[in-house]
Amino acid sequence: MIYEIFARKSRGEPLRHIGNLNAPDDELARVYAFSTYDEEKWFDMFVTPRDRFIEVFNRLDAEPSDRAPATSERGA
Amino acid sequence: MSAANAEAGSVTPGREAAKAADLPEDARAAVRDLILVLADTKRLLGMRYGQWLLGAPELEAGIACASMAQDEWGHARLLYALLRDFGDETDRIEHGRQPAEYASMDVLDTEPSDWPGLVAVNALVDTAVTVQLAALTESAYVPLRQRVQKLIDEESFHEAHGNAWARRIAGAGPDAAARMRDAVTAILPGVLRWFGPDSASSRTLQEASISNGSDSDLRRRYLERVAPLLQVVHADVVSMEPDFTGFDEHRRRRTDRAPDERTIEQVRGDRNRAFLMD
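Chains as they are written, first to last, in the working numbering: chain A, 1251 to 1326; chain B, 2 to 279.
Bound-form chain B, shown alone:
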């Protein structure tokens, strides 16, 4: 089916859209939101890994953090670049936003205070993003579909790293085990909330064949995937029904806080602005 034959915005559910303009208007806005959420979350996740390059308990774990940070930053760049198709100015998006404008997962707002905290982010947040990406592998929006499998493949060892470390810490005596469990239970509700409240825009994504599951479907898939990890660290899922008070559906995060200023300065590259040439 040729996009040239279709009038802008006239793609029927189940049909492919080679460019954003081919998507129905409501789906276009929802896809744009989703891409920004994924890009910002990956960028912040990359920062959190990056902040542990030198603080990890062994050299090889530091190297793994460097590798994961690189992956996440590369993926974020690729996703930001997709926003051009939606009329966004990627330079402003990457270098010109205030912390309160970010659409990153709120559990990434602050740097993990200890290694179990970073391991919890690694095992829970990274895997949540993978589950969300996996729902897009058959997406009707072609530019997204063409990229997600590559992202999933490249981050395949992130989850293994997080799980292996969580298991190791959980088995290293009662104090370590308690810290690992606390780190997981501290962020799990936020990660579950991140999948969203089955909003109108998420229904639009399903109806336009962008995503193959509702927010609740993805939350369920995610919980199935992390169940073995939760068992290992003895963490209980308190509630499958997250608290959506103060939740912004478009940015998929709570609005009463934002990523820390210093991290966003680094994310934007403020100190390198003088060297940006184009």
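Chain A on its own, in the form it takes in the complex:
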């Protein structure tokens, strides 16, 4: 199962997506998240199975015509 990892450096900061990993269950996912991403001094860290993400909307699906220059939306 794929897990996504989030962390932040301080309480006031928004959570940041820092990576993902494979684990068979939540318990090992916590351990692996710690051993893989602990080099930095995080304030807190969270791990969640990717399939628990509930999509609210997705601009590409909603407006197929926007699909081509996806990056231009942000003016990048």
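To be clear, the hints were calculated from the coordinates, so they are not data collected in a lab. Everything hinted at is true.
From the structure, some residues in chain A lie toward chain B, with a derived Cβ separation under 8 Å:
#	residue
1	L1271
2	P1274
3	L1278
4	T1286
Think about it this way: if two alpha-carbon atoms lie no more than 16 Å apart in a straight line, the pair counts; the simulated EDC-like pairs of lysine to aspartate or glutamate are:
#	chain 1	residue 1	chain 2	residue 2
5	A	K1291	B	E155
6	A	K1259	A	E1290
7	B	K151	A	D1288
8	A	K1291	A	E1263
9	B	K20	B	D86
10	A	K1291	B	D154
11	B	K151	B	E139
12	A	K1259	A	D1288
13	A	K1259	A	D1294
Quantities reported herein were computed from a predicted structural model and do not represent experimental measurements. Cβ atoms here follow ideal geometry from the backbone N, Cα and C, with glycine treated the same way.
Given chain A, put chain B in place with the hints provided.
Frame of chain A; chain B shown alone:
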């Protein structure tokens, strides 16, 4: 209380010692032994983790082994450095000893032959060292006390890794479960023996407020802590009273064997001697 006011070796029980010279003589020898036991055990434990970086059953477990190996080696260095306060030459201790001189836990003498073996070491040996360190968090020997909590914090996920894997293997069918149980029962008696026979030096450590428990106290605390794991893998504790025949109290290990030569060559860094500059 100032150490400067106290004559060397005159610290009374319950008082603090800022340096080894402030400890009573018998306590000084016992603390020195204990630090070497912890340092050597952590170094060998780190080697055993290191030998599984590439052999673990999944990438993330290999990364966890790398991380645990790094922790153990870092802790060992920190503990070896403490021995300077006792007049030891840390360079000789780290790079100049024969296998028979090591004070590492004897169940670490050989590399685990399979993954359940490494998981058993991870869950049982790592946790035993943590229980021993936890008995020193209020130690009257200040340099030790100042370091142990950091070590305990840094190794907090090791036990979780060992337990999670033991549970996983134990639940992966009868063959896997039997291998996990065998791996645990093979080393458990040695780990229980490691806490020691309530020797005179362990009483000294308690009387000088270095440790907050006797060898038997620590053995009991340890068994309480690993009880859920033993239940998961269906391992029985055969005896709370270990066999101390041939047990060296100072090095806290049996003396009829030693860590394997090849591992000690790597531990000492023999092949890197030419690059050591100081």
